[in-house]
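Sequences are here, hints too, so could you generate the full structure?
Residue numbers (my numbering), protein chains in the order written: chain H, 277 to 657; chain R, 277 to 657; chain V, 277 to 657; chain X, 277 to 657.
Don't take every hint at face value.
What the hints assert, rightly or not - Not the full set, but computed from the structure, chain H residues with beta-carbon under 8 Å of chain V:
#, residue
1, Asp567
2, Gln571
3, Ile572
4, Tyr573
5, Gly577
6, Gly579
7, Ser653
Stated by the list, open to error - Just so you have them, the derived chain V footprint on chain R, three or more residues with Cβ under 8 Å:
#, stretch
8, 293–303
9, 495–507
10, 533–539
Derived by calculation from the structure, the hints in this document are not laboratory data. From the three backbone atoms N, C-alpha and C, an ideal C-beta is built for every residue, glycine too.
Protein chains: 4
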Amino acid sequence: MTRLKMGMVGGGIGSFIGDVHRKAASIDGMIDLVCGAFSSSEEKSIASAEALGIPKKRAYKSFEEMILEEAKLPQEERMDFVSIVTPNHMHFPPAKMALEHGFHVICDKPMTLTLDEATTLKQVVNSSNKVFALTHNYTGYPMIKQAKAMISKGDLGTIRKVNAQYLQGWLATAVEKTGQKQAAWRVDPKRSGIGGALGDIGTHAENLIEYVTGMQISELAADLSAFGDGRTLDDDGNILLRFENGAKGTLSFSQIATGEENNLGIRVYGTKGSVEWYQENPNELTVRWLDQPKQIYTPGGNGSYPESSEYVRIPAGHPEGYLEGFATIYRSFAKELSQIKKGESPSTVRDFPTVDDGVRGMKFIYAAVESSKNNASWTKI
Amino acid sequence: MTRLKMGMVGGGIGSFIGDVHRKAASIDGMIDLVCGAFSSSEEKSIASAEALGIPKKRAYKSFEEMILEEAKLPQEERMDFVSIVTPNHMHFPPAKMALEHGFHVICDKPMTLTLDEATTLKQVVNSSNKVFALTHNYTGYPMIKQAKAMISKGDLGTIRKVNAQYLQGWLATAVEKTGQKQAAWRVDPKRSGIGGALGDIGTHAENLIEYVTGMQISELAADLSAFGDGRTLDDDGNILLRFENGAKGTLSFSQIATGEENNLGIRVYGTKGSVEWYQENPNELTVRWLDQPKQIYTPGGNGSYPESSEYVRIPAGHPEGYLEGFATIYRSFAKELSQIKKGESPSTVRDFPTVDDGVRGMKFIYAAVESSKNNASWTKI
Amino acid sequence: MTRLKMGMVGGGIGSFIGDVHRKAASIDGMIDLVCGAFSSSEEKSIASAEALGIPKKRAYKSFEEMILEEAKLPQEERMDFVSIVTPNHMHFPPAKMALEHGFHVICDKPMTLTLDEATTLKQVVNSSNKVFALTHNYTGYPMIKQAKAMISKGDLGTIRKVNAQYLQGWLATAVEKTGQKQAAWRVDPKRSGIGGALGDIGTHAENLIEYVTGMQISELAADLSAFGDGRTLDDDGNILLRFENGAKGTLSFSQIATGEENNLGIRVYGTKGSVEWYQENPNELTVRWLDQPKQIYTPGGNGSYPESSEYVRIPAGHPEGYLEGFATIYRSFAKELSQIKKGESPSTVRDFPTVDDGVRGMKFIYAAVESSKNNASWTKI
Amino acid sequence: MTRLKMGMVGGGIGSFIGDVHRKAASIDGMIDLVCGAFSSSEEKSIASAEALGIPKKRAYKSFEEMILEEAKLPQEERMDFVSIVTPNHMHFPPAKMALEHGFHVICDKPMTLTLDEATTLKQVVNSSNKVFALTHNYTGYPMIKQAKAMISKGDLGTIRKVNAQYLQGWLATAVEKTGQKQAAWRVDPKRSGIGGALGDIGTHAENLIEYVTGMQISELAADLSAFGDGRTLDDDGNILLRFENGAKGTLSFSQIATGEENNLGIRVYGTKGSVEWYQENPNELTVRWLDQPKQIYTPGGNGSYPESSEYVRIPAGHPEGYLEGFATIYRSFAKELSQIKKGESPSTVRDFPTVDDGVRGMKFIYAAVESSKNNASWTKI
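Encoded structure:
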């Protein structure tokens, strides 16, 4: 195995999501971080490189410089792909440029600042012949793979009802006014786009729903709120969902749900059975049946499907967490890149979120905002 | 203490809710069942009386007969109040007649078949000088009392978000076509009214929300469904909620949520803290705070408020259940009747659901049905 | 059905366990409390009767008086059985006298103050032709019945390991010195016998283990402690268990386990499967299998055996609690008494703990105390 | 930061624990795997190196070769430390040789095959001036750090009772006869030593108990069993514990606990409070108090102590798992090595299990086996 070389945009020391991406990329031993434009401040970018054990010369002062300079390096030395971990408004520019300069891209979500950017990016990806992955990391959890497999095989029958939630409380007070950087950009439309919590966590829930069920939301009725004093972007929302196949549901998300940490959860009810899962205890999947006792599935545990077990790194009962789920996105992305590098044709089924998921997420944001402006009237995605 | 004497309408042997009412009335040793019109079949009514240890002469063939005959008995012998445990369409007639003949009434929910009946009944109650209680039994759980007290004292700050659910799966298949009586009347508009699951369990959730938060739902947007083949009444619904104070929320209920038993739950988020409770494990109240660790309150356990502890019958750690919560409604009702009997003035705060809750529940049903007909448009309650 | 008439020894107003017995006896509508010697203080006994709605003439000043006076009443009026709810030292005298005067007896646990009393009582019971029941109430929980049935049918294979615990924290401080009556008699050898927590809760766990598994503990090695300052009776214990069939296990109990409420629990491991149950959330039975996912059984829920479901009063998902489990002992006892009254021969399988369980419990106490004196050496029961 | 270079003994592709060590070493980006003697088969060692992206020349055919050859490399190139992930009988030889040739060592548990080896190894470590770490990985969980900190600060008062369990079911059937390698060496005294499950998982529990409480087990009474047909080593055990300070407790472990996955758990009761933790859901620490409601602490969540939070990699609510706990051992080990490399004096408190923990674990095994041979008589550790 030849290890892949990663360049990073954003993620200077102290950032939350940059560090998550680095750790996730490391776990499976397939990827080495070799360079980065870690910060818009050159000084900070260099300091970050130093702390990460990366030679100073590969600490770039901008993503443009990184892409241009790396492209000049011999193939065995230059980065294979770019990981983009900046705030939303800085996703599209480096993604587009990297793809156009021959680099694969893995990017944090939501994919872009605007829907226009998203559709443009899709065209760029399609014409680039490069791989683009979006880190909707929650789809990497084994129990989510198990739920998806059970639904896809028809174990649960026809799906009729979906309830999803994504509840956080960290914006319950005005932390954005306290110098907290994570909060500051998330409540700022210039950096976040038209969705607040909607874009930050609502899209995760939307992606999870569609991933697990294999169904598309056809229309929605969204009641978004900005409870925080002076906030222009939503920090809470309640949404009615209708699916193409006639199923219905709800999605409730919040960043002002006091005391909640990262409570993403989903329940899916079919004619024969149902599944229930919560991210904070991700190694349990509750499955209910018409006439059998409730079951608890665990990663690699009794009854697990191969579609789930192949994503489990350690024996049943040894809990995997957020970083491992995230790492699964990186691993699947890396496997595809390795196949391409070896000249093999990659598998037709892409086992990670793609630019299509990214466009879908942006359409979801736009539909929800529009619906909410129209007093929660039904709006097609 | 003089024990109170109860007459029952409905609840023949084999009925679900009749037996629940009898057990709930028994637990605290304040009430004796003395007579009943247990069934529209005289034979069955007599057989039920016999099985219950009630003399044959007090097994009546109709509620009319029971009310008229009991009224003739000397006061120390005749029933003090009527318990109505029939399907919805048979709530109003006996309730009205009993009140008009000088008997107190305790009645199952939803209060009546129609909203008109409900408003009429309210007038009857008000002009009767008798006590009317409605068995929204879930408000009897100690941890619900605790949550209500914490919110009412302001512990959680201003309430901003409410998520409630009431999920059952017993109508996931067409059990109403298998001779199951419980199912048969619930899917029949003539006996249930215009709400199906909405009336049967949705009103419980609505009542719980308003009871716990002390806030009123001002408007709602409801998307009701009848998934079951040939059903005309809803068996599932998803509702957006808006409250008078600006709080928002969701209510999702279902009787086709495969595998769910009786999963009533509520989460309430305030500016300072939040509470979470599920009926299937009712002896835990999860409380989250802005800056303190999550707490688990238990009935009579450390930190419980008197407003909650006074409803606990046994020491902390000895779980109370559905029947005890139900019994609490009966006990509070009985206490008020005892005070009246003794000539004392009853406490001004009525500690059980009243005719006002009943009217509110019917308005909720009507608003939800209307909203759903108008494609989930916002409808005032 | 003719209702049965109960006389009570002990249980004056304010007592914990007397009230529990009364409520448990009431729930199923088969038993009426008609008389009592509620307290050794005549005044208190009369006040208790009054509060309970019992005529003053049937409030006796001693159990002796009650037994003698009731025996003189006509059969249709006099009590059918005596319920004994006094501290341990006052179990044997009224039990013996009642049986000898023709009354059935239901008695709290542990059965007697001493092992001698227990063996004597067994002889009395055997020669009396009367029914004696012991309220090891935890065996009344439906999920315990389910576990017992699964083991007895061989679902779990051969049992090899048992872990049980009964953890309370209410004696973690010296509450017996604060005037707390419940604590005072429990730490007093004259009223409790040679076991402290061992007798009070350890015997419950011992009974539960043998009831669920159908196996007898053959020998034990007990390390008992009296952590509380000045206590002479144990308030904590850890015991190794060996069973007749070669299985092994542990039993850990405590009343100084700070913060624990009433945490009785059991795990039983067989060659094919295992069960796990906790009293504080009694409506879940966790079942694990060699090669199937973990299951959660619920009372009356999918997959429940008839041996369990027949003890469920309300549909699955409507939690039953401590009082209902306790009531099941009373109900089974009452059913047997009714059969006897009608002249039917009672079922050969007695569905409640008997004098044999009581003797067994006393032998367990004596063996544990002896073992502990000998530095936890193996001691036969 | 200069990254550290790791050489591995054992852990050929397909091994369980070798892969765990590699992933754990990778997560924090401080360590690179540079060489290995991955298998006693040279061919397999080379294949493993290839799969891991390690140059063939640094795939050694034995640990002796690896140590000798690496020692010859220039300092900036050669490995800094050896990670030993072989079965128990192959811990001591490479550990001793590596230390004697100037390499630091991190080693899987139990530390050695025999107690003699353990005491010898301690001398080797002490005279080597090198760092030795033992991967009792469960002490790396943040909630274990939190529990330890709370106890050490006296929050729980004086500790009086400890209950620990480590329950697995994977040896419930004779998997060692099916060609399962993990099982084969674990039931073989030549490769495992005198303890079976006792050494494999019992020592983890012992280490966890002493780590969390800060107390030493003074004596124990162990009842070990070999339930599996033909097994000579224990596969199950129940142990009474006594601590130096007068506390008492139990430890029950098993590998024949059918259906259990990796159920390590601990409860510690003090005079003021208690803690409870289970490895399968490691991100919750339950804390009970004398007079406050039960609390649930989470990694980095409200109320977490710095002693715990510094080990948390991602915000509260983003679960960390087994690999992260394991990685914490590696990270602390790597930090100390980095300090040494930089010429700094390392912190006096070693934040990872050391050779002393290893000796202690071996003494525990020997004491338990001796006690069990003497019919569970009390034996000093």
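A quick look at each hint next to the structure:
Look at H:Asp567: its Cβ gets to within about 5 Å of chain V, closer than 8 Å, so that hint holds up. Evaluation of the H:Gln571 hint against chain V yields a held restraint, the C-beta minimum of about 4 Å falling below 8 Å. Annotation: H:Ile572 was flagged as interfacial toward chain V, and the flag holds, the nearest CB pair being 4 Å apart, inside 8 Å. Interface restraint check: H:Tyr573 against chain V, minimum CB-CB distance 5 Å, threshold 8 Å, status holds.
Because the closest C-beta pair between H:Gly577 and chain V is about 7 Å apart, less than 8 Å, the hint holds. A distance limit of 8 Å between C-beta atoms decides the matter here; for H:Gly579 the minimum to chain V is near 4 Å, and the interface restraint holds. Evaluation of the H:Ser653 hint against chain V yields a violated restraint, the C-beta minimum of about 36 Å exceeding 8 Å. Restraint check on the stretch 293–303 of chain R versus chain V: 6 residues with Cβ-Cβ distances below 8 Å, three needed, restraint holds.
Under the rule that three or more residues need a Cβ within less than 8 Å of chain V, the assignment of the stretch 495–507 of chain R is violated, with 0 such residues. Check on the stretch 533–539 of chain R: 5 of its residues sit with their Cβ under 8 Å from a Cβ of chain V, so the three-residue criterion for coverage holds.
Against the hints set out earlier in the document, violations occur for numbers 7, 9.
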